[in-house]
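The listed protein sequences correspond, in order, to chains U and E.
Just so you know, our numbering puts 101 at position 101 of the first sequence, and the rest follows in order with no gaps.
Just so you know, our numbering puts 51 at position 51 of the second sequence, and the rest follows in order with no gaps.
For the record, the hints were derived by calculation from the structure and aren't laboratory data.
Do not rely on the hints blindly, as some may be mistaken.
Identical copies go unnamed one by one, so any copy, or any two together, can satisfy a pair.
[Stated by the list, open to error] In silico SDA-like pairs for lysine to any residue, Cα to Cα no more than 25 angstroms straight-line: (1) K162 with F208; (2) K69 with C160; (3) K98 with L178; (4) K69 with R153; (5) K69 with G128; (6) K98 with G19; (7) K87 with N172; (8) K134 with R200; (9) K162 with T206; (10) K98 with H181; (11) K115 with R192; (12) K113 with M94; (13) K87 with E114; (14) K87 with S37; (15) K93 with G5; (16) K137 with E49; (17) K162 with I53; (18) K68 with E204; (19) K149 with V79; (20) K134 with I198; (21) K199 with E105.
Here are the chains, one letter per residue:
There are 2 protein chains.
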Amino acid sequence: MINTGRGILTVVSGFAGSGKGTVMKKLISEHDNYALSVSATSRQPRPGEEEGISYFFRTREEFEEMIKKDELLEYAEYVGNYYGTPKDFVFSKMDEGKDVILEIELQGAMQIKEKYPDTLLIFLTPPGADELYKRLKGRGTETDEVIAKRMKRASEEVLCIKDYDYLVINDNIDDCTLRVHDIIQVAHRTVRHESELIKRLESELTAFI
Amino acid sequence: MINTGRGILTVVSGFAGSGKGTVMKKLISEHDNYALSVSATSRQPRPGEEEGISYFFRTREEFEEMIKKDELLEYAEYVGNYYGTPKDFVFSKMDEGKDVILEIELQGAMQIKEKYPDTLLIFLTPPGADELYKRLKGRGTETDEVIAKRMKRASEEVLCIKDYDYLVINDNIDDCTLRVHDIIQVAHRTVRHESELIKRLESELTAFI
Chain U
1 MINTGRGILT VVSGFAGSGK GTVMKKLISE HDNYALSVSA TSRQPRPGEE
51 EGISYFFRTR EEFEEMIKKD ELLEYAEYVG NYYGTPKDFV FSKMDEGKDV
101 ILEIELQGAM QIKEKYPDTL LIFLTPPGAD ELYKRLKGRG TETDEVIAKR
151 MKRASEEVLC IKDYDYLVIN DNIDDCTLRV HDIIQVAHRT VRHESELIKR
201 LESELTAFI
Chain E
1 MINTGRGILT VVSGFAGSGK GTVMKKLISE HDNYALSVSA TSRQPRPGEE
51 EGISYFFRTR EEFEEMIKKD ELLEYAEYVG NYYGTPKDFV FSKMDEGKDV
101 ILEIELQGAM QIKEKYPDTL LIFLTPPGAD ELYKRLKGRG TETDEVIAKR
151 MKRASEEVLC IKDYDYLVIN DNIDDCTLRV HDIIQVAHRT VRHESELIKR
201 LESELTAFI
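Given the sequences, and given the hints that come with them, work out the whole structure.
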């Protein structure tokens, strides 16, 4: 579709094992109206990670300066490192008409929704708990202990799904990607997003009579 | 798509000349998940009109009894006749899993949204006021006076579009029908509509840990 006007800001969250990373990659490769937000972090780059693509790498001091200047949509600290979403990148992409997608966790999603109620919040889930367990186990990369931790976390996260706007089942990557795409594109037709069109119709009709 | 659970209730309104009747017919002929609501009226049937298809024909007394018993989603009186939407028909279709569409005017739409906030409100418009005028004129069935009245009415209705959920441009019947279809189908993924799925995930995940 052709984007007219400002893009939509969408947060996608999901259980570890929901396949959200794969869905996001597919969505972005298939449609050119999307931009994936790049996070800032105070942790050290790992081999192969590139500035501005993997992350915006900042020192701890620089990151704290960004917090102080309210330059982040959301941020959190994990094991001694900051992670956050720079406003600048997101808003400039939206101004270009791009639909910007943030793949972030629950707490960050709630921070953003509070400040920007127009943000679309989508939660991805496998069809059920058995399937979630099977997928985590199937990765073959995590110990039983880690898998148990992730299942426990999912049982906590599930209580917050009601604070999202949409819940999408990822039973099949193609179907799920299309569902997410449709949700975001439909958001372009909300009266809130179409306020410019409404204003134009108002002035045209008033001029007519 | 396969409907699981209860259908979505959608109200479609639009300017006279927005083409909403054509869009609704196309939507219903192309997808079997929709049901068009049948209105009740106290006016006399016209030749060719069938009970339960064109309208549910009721006497004035029967209609007033329906109002008293709160059996209508909305109603109004035009030139001495009652028109309204019987709850019974709408709710039974929704329980069957059908997405029910009501093609009604602004006042009725607002009555329903107030009582049933989950209702989806869609407003259709031609691309602009010139096009609206051209369409009304092009029908060749209405006097200039009637057309002027309809344009005036549109200039009043436009002020209430912001109370709808979605605004859809009808520049092309096929595109417009697809847009309306997408909006309604996406509504099936709202967390409000997916509350049963959320409950199931909660209980499965709780049982798992």
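Status of each hint after checking the structure:
no.: 1; hint: K162 with F208; result: between (45 angstroms within a copy, 20 angstroms between copies)
no.: 2; hint: K69 with C160; result: neither (29 angstroms within a copy, 39 angstroms between copies)
no.: 3; hint: K98 with L178; result: both (18 angstroms within a copy, 22 angstroms between copies)
no.: 4; hint: K69 with R153; result: neither (32 angstroms within a copy, 49 angstroms between copies)
no.: 5; hint: K69 with G128; result: neither (42 angstroms within a copy, 43 angstroms between copies)
no.: 6; hint: K98 with G19; result: within (23 angstroms within a copy, 31 angstroms between copies)
no.: 7; hint: K87 with N172; result: neither (32 angstroms within a copy, 37 angstroms between copies)
no.: 8; hint: K134 with R200; result: between (53 angstroms within a copy, 18 angstroms between copies)
no.: 9; hint: K162 with T206; result: between (42 angstroms within a copy, 16 angstroms between copies)
no.: 10; hint: K98 with H181; result: both (13 angstroms within a copy, 24 angstroms between copies)
no.: 11; hint: K115 with R192; result: both (16 angstroms within a copy, 22 angstroms between copies)
no.: 12; hint: K113 with M94; result: within (16 angstroms within a copy, 31 angstroms between copies)
no.: 13; hint: K87 with E114; result: within (15 angstroms within a copy, 37 angstroms between copies)
no.: 14; hint: K87 with S37; result: within (10 angstroms within a copy, 46 angstroms between copies)
no.: 15; hint: K93 with G5; result: within (12 angstroms within a copy, 38 angstroms between copies)
no.: 16; hint: K137 with E49; result: neither (27 angstroms within a copy, 63 angstroms between copies)
no.: 17; hint: K162 with I53; result: neither (32 angstroms within a copy, 39 angstroms between copies)
no.: 18; hint: K68 with E204; result: neither (45 angstroms within a copy, 42 angstroms between copies)
no.: 19; hint: K149 with V79; result: within (16 angstroms within a copy, 68 angstroms between copies)
no.: 20; hint: K134 with I198; result: between (49 angstroms within a copy, 19 angstroms between copies)
no.: 21; hint: K199 with E105; result: between (36 angstroms within a copy, 21 angstroms between copies)
Hints 2, 4, 5, 7, 16, 17, 18 from the list above are not met by this structure, while the remaining hints are.
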